[in-house]
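Sequence order for the protein chains is A and B.
Quick note on numbering: the first sequence equals residues 506 to 1029 in the working numbering.
Quick note on numbering: the second sequence equals residues -7 to 275 in the working numbering.
Misleading hints may appear alongside valid ones.
Said to hold, decoys possible - Computed far set for chain B versus chain A, every beta-carbon distance over 10 Å:
1. 61
2. 105
3. 125
4. 140
5. 188
6. 214
7. 262
8. 273
9. 274
As the list claims (entries may be wrong) - Quick list of simulated restraints, FRET-style, between CB atoms:
10. 955(A) - 162(B): 32 to 42 Å
11. 1027(A) - 255(B): 23 to 33 Å
12. 911(A) - 162(B): 28 to 38 Å
13. 160(B) - 660(A): 55 to 65 Å
14. 524(A) - 274(B): 49 to 59 Å
Stated by the list, open to error - Residues on chain A that point at chain B, a partial pick, calculated with CB under 10 Å:
15. 515
16. 915
17. 923
18. 1023
It is worth saying that the hints were derived from the structure and are not from the lab.
Owing to the predicted nature of the structure, the values given are computational and were not obtained by experimental measurement.
In this text, a Cβ means the ideal position worked out from N, Cα and C, and glycines have one as well.
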Amino acid sequence: MFKLLLCWRYLRTRYIALASIVSVMLGVATMIVVNSVMDGFTSEMQDRIHGILSDLTFESVSVDGMYDAEYHMAEIRRVVGQYIEGMSPTVHVPAMLRYDVNGHTFTRPINLIGIDEATYASVGDLGKYLQHPDNRKQLRFTLREGGYDTLDHQAQDPSKLIPRKQLATAGWPYRREKARMQSQSAMPPGIWDTTIPSSQSVAKTPRESLPDDRINPFAARDANLPQQDFEDPAEHQSAGAVLGIALASVRTSEGEDRFLVLPGDDVRITYPRTSIDPRLEPEASTSVFTVVDIYESKMSEYDASFVFVPLRKLQEIRGMVHPQTNRANVTSIQIKLKPGVDLDEVRDLLRNHFPAQFYGVYTWRDKQGALLAAVHMETMILNILLFLIIAVAGFGILAIFFMIVFEKTRDIGVLKSLGASGRGVMGIFLGYGLSLGIVGAGIGLAAGLAIVHYINEIANLLARLTGQPIFDPSVYYFQGIPTIVNVPTVTWIVLGATLIAVLASVLPARRAAGLHPVEALRYE
Amino acid sequence: MSNPLSIAASQFLREREESERPPRRTDQERNRPAGSTSRASLRRGELPSVANPKALMTARGLKKSYRKGPIQIPVLRGIDLDIRSGEFLAIVGQSGCGKSTLLHVLGTLDAPDSGEVHFEGNRIDNLPAAGRDILRNRHFGMIFQFYHLLPELTTLENVLAPWMIAEGVWTFLRHRRLRRRQASELLEMVGLTHRAKHKPRELSGGEMQRAAIARSLIAGPKLLLADEPTGNLDKETGRQIMDLLGRLNRERGLTIIMVTHDDSIAALADRTVRLVDGRVKEY
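Only chain B is shown next, with the shape it has when bound in the complex (with noise of 0.2 Å):
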């Protein structure tokens, strides 16, 4: 069976740049089961990682301590989590309990000290920054407390900035209708169209995680990670973005990874589990 990150990590690759990191792997390579890791890791002798293979992320052992002078302040004292695809999972816990760190380690934007991530049964935690770069660019949707939508830059813009990121000038200019499009659809979907044309700074705190939303999809990405998602709205907002959360993970199957401190919001979700001493308890 193939393995559609390396497929898509490297076709990607090399529409990009021939000669970045990692190699394009051979189709031996390709084609062994999931969860087997890359070569250089069993050249290092590492075993075979035990990621559940029906898990669409797997997190085993992840450590994480921040260094503040002499005194380390450990956050992640070794998390084993699973999501399965399609899964609403809620992380709730404390202000501080290490909850947000979890978020960004699984989305590759921070390394755990120890510990592995796996993404569709390939270890992902050690990637090289490109490939990194190429997993959230395309495999995440990430969005976050304070919307982070680029000032500069107006709504449908913002949402095609995956795209923009993802291809160099002519590759985009030569999709631009295809991309305009599949922005204007996801615009359409979270109720914005009218609003395609203002900059954030011009929309409301739920326009503007909508937006958001809008662009964390239109990679077409398996996982979404969402960072306290309601944290900045009040309630009656709030719940519209779950809703909107949930009709996305009930009608187009996407998996969410939602983190919050707001018990309320995470009954919304499947499954919850619980951050203590930066530990997961599940409920």
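With the rest of the complex left out, here is chain A (with noise of 0.2 Å):
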């Protein structure tokens, strides 16, 4: 009994020892913040990446691609069909994107990636990160007559989005606007030596003596312009392309989104030929796709590199159909399997049944191994040094312990001569450490999981009151910070700074607990 009335009346008049619990405290806090907010980014990363990443890829070493799809995916089907549940040919190329805005050709490296429509929605989940809500059923490649999200349909809370008024008039209407007006000012883009506006051709009479090339001085690469048919624009469309948003956009440090590019505009893209046919070195060529639909899965990396397009317009573009089989290249073939196959174990099945030489088969985590052993590294080098946070608050609790031992010697002692045992005197500096302990880390668990709540606000306020961004939306495709509590993780941060509270109690008590009654008694 007096262990445990002693343990409460030195927890209120030590507040010494105060100083202990605040130290465990923050620990605690800090730790449930950090655990939680890079779970929340592991997490989410993980999902986006592998939302955008098919379960397996199986990819052919070369770009030029495998020679026949639909074996290769038999074959597939033949050697791991039973954890089979869907597969979608692909082909991905580095290519260049470019467009005009006001004049300007903005050139942007891309991925170029042909997807088959049909079957791609079985393997990934690209339908949910587009703009168009029909699309996100259904991926068309043709252009929309209009209807896009003004919203980030993805965010939690629409209502703090700033809305992309720019999108509520894109598609058809845009594209028709845009064409009605190109026809009464300037040339449509692509045309520029065939069609001379009446207005303009008294300015240019003079150099239409002048040799082509010297009037133009891209007449060269004009020439090399995929020939379009030059139909209306106002009424139809090249192929149809997808385009990330950060290709597509610019977004303001108030996180607003600036379109550059709207689903209606034309963009060129420049990709290089296959070397199939062995008369033929490969060489770039460019096609004009029509943009049909923003791709914005806030992964960054993708945001800003990927472009989707048809896979059969991209197959004969770059020459991979075979002229006499009429059957097509693909580079790679997405896979996705069913729910709680075990990944490694089926990418282990097609490595060893195809030759590495010319395929490569890897998980989305295997693609994405390094970031995310990166992100994992971080979160274990954070708690090794948080939990050295709290270890130090330990040493605090056995310096603040001796303390108070030295000062309590000869109450101590007197407890002793009113008959105390060693074992009882120790209780209640254990006792003492383990209330200490615990009232540290449950003020610490409520603080911690107070912030990580109320994260997003607190990040806001610190941005107002230093004026500097703590969480850029331009730079971060999440709007506000992910979090995960994880329950396991926070009761092991409980448990264990309250063991260290105890065990930093150990040695103190010990010496409580050895002390001659007498000695102790006579103690000044």
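Hints are included, so try docking the two chains, each in its own frame, into the full complex.
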């Protein structure tokens, strides 16, 4: 009984012990916050990476691809058919995207991906990230008659977002309006030399006597442009393309997206042709595509590089279709596995079956292995460092307890003279350490969970106070800081902190227990 | 005839912890005449002690020396002392003559280098720690020159401290009405009822010593060990404390061993022994 009472009294009268409570509390709170944020980031990132990458990617080593997707898919099905839920052939090729904004030509390196819109949805969540509701249900590479979302449909709280007003009119209405404006004022892009509006004919007259390439320094390039039929852009579109949002827009520091290209605009994509025909060297070729949708995975790496186009179109323009068999090459086959199947096991089965010099098989984790491993390592190291903070708090408790034991030496002697056992005296200090640990870890737990819950509000407040954005939505494509409270982790943190507090009190408690009553009574 | 200490001790042990030493004694052992030693000491070939069977406490040949570096400083050089039940004994001596050490050895706070201490016919100086804890808790009361109240507790809680130490949380809470009544009665007896809720630092020296006396009596001990109880008090207050001790001795039959350097205080006791050169000189 005296242990409990004295513990309680010491806790209430020794304010120095509050210092150790505070340090335990801070350590616990920080650990909870850091772990929650790191877990949130990891899981959000994994979701997104996995949403874009299929479970398994079966690739040809050559960018020319492998001949006959059907044959390979049948072969894969033969080897690991029982694990497979869906497959879709794709062509991945590095390429270059160009478009004009206010007379400037923007050029961006991209990953051009030809997808089969019929089967691609069965292997990945591309649809989820598109801006047109109908495309989210079933992607079509034809321009829609408006109806694009002006608010990010993935956001949890759309009311806080800045509306993307430009998307309100995107689609055919925008394309028709643009075509009408251009036909009135200027030449439509790509047909500079063929149509000269009458209003400019006077100015052009002296140049017409000069050789063609001196009039227009880009004549050579223009001649190489794919010869479009120059159909009326108000009524026809080129092959559709889905652009990553970071390719199509810039994000201001307020988090507003300013679109440079909208669904309905034409873009030019330059890509390498294949060398399937042995007589020809591969060369770059350029085609015009019409943007039909914008793709926002919120993984900046993907949003700034992925452009999706129809598979068949890409195969044709790259020369991947065999002229006699009409069968086309693909560079990879995306495979989705049934839920619960071990990815690595299936990967290894495929690796054993297909020779490694021609084919690569990767899980989505392998593809982003470095990134995931880096995040994992970061979490580990942060945890170790933060646990050291709690350990420091433990040493604080150790020191403070030794002080208290010295201060209380006479009282310990009194307790012993009244018949308290060494174990009982030890119990006072162990109980004291335990209650410090529990109180500190408890307050830390509450504080940590509160911070996690209000983390975005806190980040905003700090940003306003410091004038420095803590969490810049133009850098991260998340609207807020993602957090996940992992109950086992939090439990371990709290238990670990309490245990450290108890362990730190063991030495002082043993010393108190071992005091000789007579010497303790004489102690001044 | 039964042996009250071993009954109380074994009952108490049984209450507290089944496994704790010393082992419970059988009835046969318990019924052995007073003065016999434990079976273990018999096994070691020791003779039954020659303690005076009428004495409450007996010391025989107590020796104790302190070691200061290579030098041994003898403090007690063979003390023989009998304290009869109901006696008020004063031990006087100069500072540093070892009277406090003697009191600590008698009260099992310290162990003698050689010699024996018997309480109610049982040897107590070689008891294991748990047994000595029980003796101090239930059978001896102790008061000190500097009162030694616990500063975090109120007067009432200080008085209750021996019971809190003796009993676990649940037992104490179950008995708390009884215990509080006991404590209140004792506080009333020492005239501190109005100070029950005060912390020791709010009390005067005399009040603190009276609270300490109440604390020493709460468990109903037979023997009170007082270490210079008036040493830190003015004459008048010291007189009051001595009156209280005398009353306790007369009215309750409490046996008191008091250590003091002050002959005038010692004169108030029934019997005085003087400690000279680590030996007892009876007046």
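Notebook entry, point to check: Tell me, which hint numbers fail for this structure?
Noted result: 3, 4
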